[in-house]
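Please dock the two separately framed chains into a single complex, following the hints provided.
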Amino acid sequence: MQNLFDFFINYKHWFVFIMLEIVSLVSLFSYNGYQKSVYFTTANSVVGTVYSAISSVSSYIDLKDVNNQLEADNETLRQQVQVLQQQLLEAGLDSMEMMEAVQPYTIINALVVNNSLHRSNNLITINKGRADGIAPEMGVVSSSGVVGIVYMVSDHYSIVMPLLNEHSKISCRVKGSEYFGTLQWERGKTDVAVASGFPRHAKLKVGEVVETNGFSDIFPEGIPIGYVFKVQNSPDGMSYQLRLQLYTDFKRLRNVSVITDYTQPERITLEQKADSLTLDD
Amino acid sequence: MNSTFFIRLLRLTILLILQILVFNNIHLMGYATPLLIGYMLLCFERGSSRIGLLLWGFVIGIVFDVFSNTAGMASASCTLLAMMQPKLMQMFLPRDADEDFKPSLSSMGFWKYLLYAFLGMLILHATFYSLDAFTINDWQLTLIAIGSSAALATLLCIATELFVRFK
Chain A
963 MQNLFDFFIN YKHWFVFIML EIVSLVSLFS YNGYQKSVYF TTANSVVGTV
1013 YSAISSVSSY IDLKDVNNQL EADNETLRQQ VQVLQQQLLE AGLDSMEMME
1063 AVQPYTIINA LVVNNSLHRS NNLITINKGR ADGIAPEMGV VSSSGVVGIV
1113 YMVSDHYSIV MPLLNEHSKI SCRVKGSEYF GTLQWERGKT DVAVASGFPR
1163 HAKLKVGEVV ETNGFSDIFP EGIPIGYVFK VQNSPDGMSY QLRLQLYTDF
1213 KRLRNVSVIT DYTQPERITL EQKADSLTLD D
Chain B
18 MNSTFFIRLL RLTILLILQI LVFNNIHLMG YATPLLIGYM LLCFERGSSR
68 IGLLLWGFVI GIVFDVFSNT AGMASASCTL LAMMQPKLMQ MFLPRDADED
118 FKPSLSSMGF WKYLLYAFLG MLILHATFYS LDAFTINDWQ LTLIAIGSSA
168 ALATLLCIAT ELFVRFK
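Going down the list, the sequences are from chains A and B. Following the numbering used here, the numbering of the first sequence begins with 963 at its first residue and continues without gaps. Following the numbering used here, the numbering of the second sequence begins with 18 at its first residue and continues without gaps.
Here chain B stands alone, though its shape is the one from the complex (with noise of 0.2 Å):
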């Protein structure tokens, strides 16, 4: 128990309260409904336990399915993105990255960042979508409702850094 705990769990519940009360609402186009909830899990450092990641993001995901009526559709994807999340990282980190390099728009520059938020948020909303639709009967719309709620969802995630950078 230190302080990066309760910062981590302060910053969950700000989340939280966000993509329950304003994402949840979203429907650009009829679709796009970003999980912003993602982002915390991409914020952890290099170095990290990865079991303490897992477990973050199997509780974030289930507080939001209770919310959202989505049983285990969310902890299975926020888990599963916590499982990659280190992989992913390790594909965008500067050659003389510290041991405990935090990813962040001013760590790695505007274009490695957006890529590596576009990827994590495509690797949550396709599990997210694909449990949710469950049949390739209307694959189609799965893949519009994927590709344009991780898009919504990256340009979020870089607004939400560009705020915590410019508060």
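Just chain A, same shape as in the assembly (with noise of 0.2 Å):
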């Protein structure tokens, strides 16, 4: 009895080292459950506010950058817009049906507060949260392009899966064709993404552009990925992979907008077939 209890005393660092080491495990397998584990990531409100506080100073000093893009966009928007009062004219359309079809959906703006590149699992934590009506599962996209899709929210902040993610996946199809495919990221670049299941028949050229096709609940079609600058086989060679240089710059990344009401109306189609199954039992 005597040499046992000398046996704890003496190994009891080792008792020690074991417990910490399950709380780390556990807490690092049980990540994927999400809502519950909000307290333990940069959705945290203490976190969120010091990352705030440096994300206002970095985005003090990136402001010639962004004012040069806003330039380039608002040039665009210009050019838009004057091609489309052009077609309204000749088509003679009702304003109000042609302001419906181009802005279907309400977007949340929101500021990239955290954001890290280089793990193979990346998230950006951004500052808006459930109390601005953020839920899981919605869509976020930058000017310039798909950035990834919600993936955990706290009443303040949320934490946004990019494409950066080797866990995201996303349904993409090649503009102007009905060839789709789904969307991958290879760890290593922060601009590359890799798109797979096109069939062997597809015609695909270098230089396409790759867009979201609405299959999804998440993104309404048509938001641009990436061009592609490579055609490629599949490892089993029963299809072809594109391999697309991405629109949104990861590195620089700092305003991004979600898409908040693209999923309503289907999943309450949904919820009703579900309350009439309960009544029908």
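Calculated from the structure, these hints are not laboratory results. Possibly wrong hints are sitting among the right ones.
What the hints assert, rightly or not - Capping the alpha-carbon separation at 27 Å, the derived lysine-lysine pairs in DSS-like fashion look like this: (1) Lys-129/B to Lys-119/B; (2) Lys-104/B to Lys-974/A; (3) Lys-1151/A to Lys-1192/A; (4) Lys-119/B to Lys-974/A; (5) Lys-1090/A to Lys-1131/A; (6) Lys-1167/A to Lys-1131/A.
As the list claims (entries may be wrong) - Using C-beta positions, here's what the derived DEER-type ranges look like: (7) Trp-128/B to Thr-1144/A: 43 to 53 Å; (8) Leu-172/B to Lys-1026/A: 24 to 34 Å; (9) Phe-969/A to Phe-118/B: 26 to 36 Å.
Said to hold, decoys possible - Just so you have them, the derived chain A footprint on chain B, three or more residues with Cβ under 8 Å: (10) 27–33; (11) 52–58; (12) 67–78.
No residue lacks a Cβ here, since even glycine has one placed at the ideal position from N, Cα and C.
Put into structure tokens, the structure is as follows:
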């Protein structure tokens, strides 16, 4: 008995070690069950506030680039307005109808406060959360293209799973065709992703634009993702893979928009269906 | 509760601030992000409480995790380093070392300290990046990340030692 006690006393640090490792690993593996773990991430309000302060400094430094980007955006928009006005004049459409076609979704603008790039599972923290109407599974875009999907929300911050995450899978298509595939990121470069699953009979060219296809209920169709710079065979040789240059510059990501009401109509019909099923029982 | 505790707490705070604001933003060649938080564990003197060391390792890891969205990764690796540190130090002890020998650049000499710091950082980064990748598919990338960031962290350790000594 005495020996047993001695054993426990001599090796007590081993027990502490094993206990702490178990705590760490449990938190590591339970990370995927989202909402629960929100306090142990950058969506936690203390950490979020710290990062907001840091990002207000670094966003000031980036102002010049942001300005240039805005000017370029403005220029494109002005041109688009001219083209659209011209079309409107020609078509003689009711202007209300036109507005609805162009802007069917509500978006919430948010600021990136923390952004990782070089892990295998990168995450972005933005400064809007549940209180602003953001919920998990909403699509996030920037002025240049798709950014990612909201993964976790707290009251005032959200965590976005960007394209640069090995778990991220987004349905996409080649613009102007019906060929679709799945977009995934390969660890390494922050501006390159791979779209796979295109059929062998598809005619695919370098330089073509790849956009979202609206199959999932996260992104509306037609949001640009990137352009093709290489067409290659998939590892099993059954389909084509496209290597894409992404339009979104994740290194300088500051302003993003969350699409909040795209999932709504579908969810309502689904919920109604579920309700009627329970009534039948 | 004595002055050593508060000195450690201060050191932990400074290291964490540096790590989160500066070193987390270093991506040398796109891979090497040094975890200098391990430096604190390497500084523990001979004969300090092993349970205390483990708890310090765990705490510094978990705070880092909360700030970098890496739930459990850094706390697991820092706890492991805290467990190995006494054995690691024993390998490089001078023959006439005191009971409360403090590992540092001046007490061990350059080459011994370099090797000591590198091995310690290698343990830390190997665990961290293996847990991060959690696959052997792109093991070359993981190896590059481990090697380059451990080397960078070792250099930073030595720079910190020099800075502390000449301050």
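Consistency of the hints with the structure:
no.: 1; hint: Lys-129/B to Lys-119/B; verdict: holds (13 Å)
no.: 2; hint: Lys-104/B to Lys-974/A; verdict: holds (16 Å)
no.: 3; hint: Lys-1151/A to Lys-1192/A; verdict: holds (15 Å)
no.: 4; hint: Lys-119/B to Lys-974/A; verdict: holds (24 Å)
no.: 5; hint: Lys-1090/A to Lys-1131/A; verdict: holds (23 Å)
no.: 6; hint: Lys-1167/A to Lys-1131/A; verdict: holds (23 Å)
no.: 7; hint: Trp-128/B to Thr-1144/A: 43 to 53 Å; verdict: holds (52 Å)
no.: 8; hint: Leu-172/B to Lys-1026/A: 24 to 34 Å; verdict: holds (33 Å)
no.: 9; hint: Phe-969/A to Phe-118/B: 26 to 36 Å; verdict: holds (28 Å)
no.: 10; hint: 27–33; verdict: violated (count 0)
no.: 11; hint: 52–58; verdict: violated (count 0)
no.: 12; hint: 67–78; verdict: holds (count 7)
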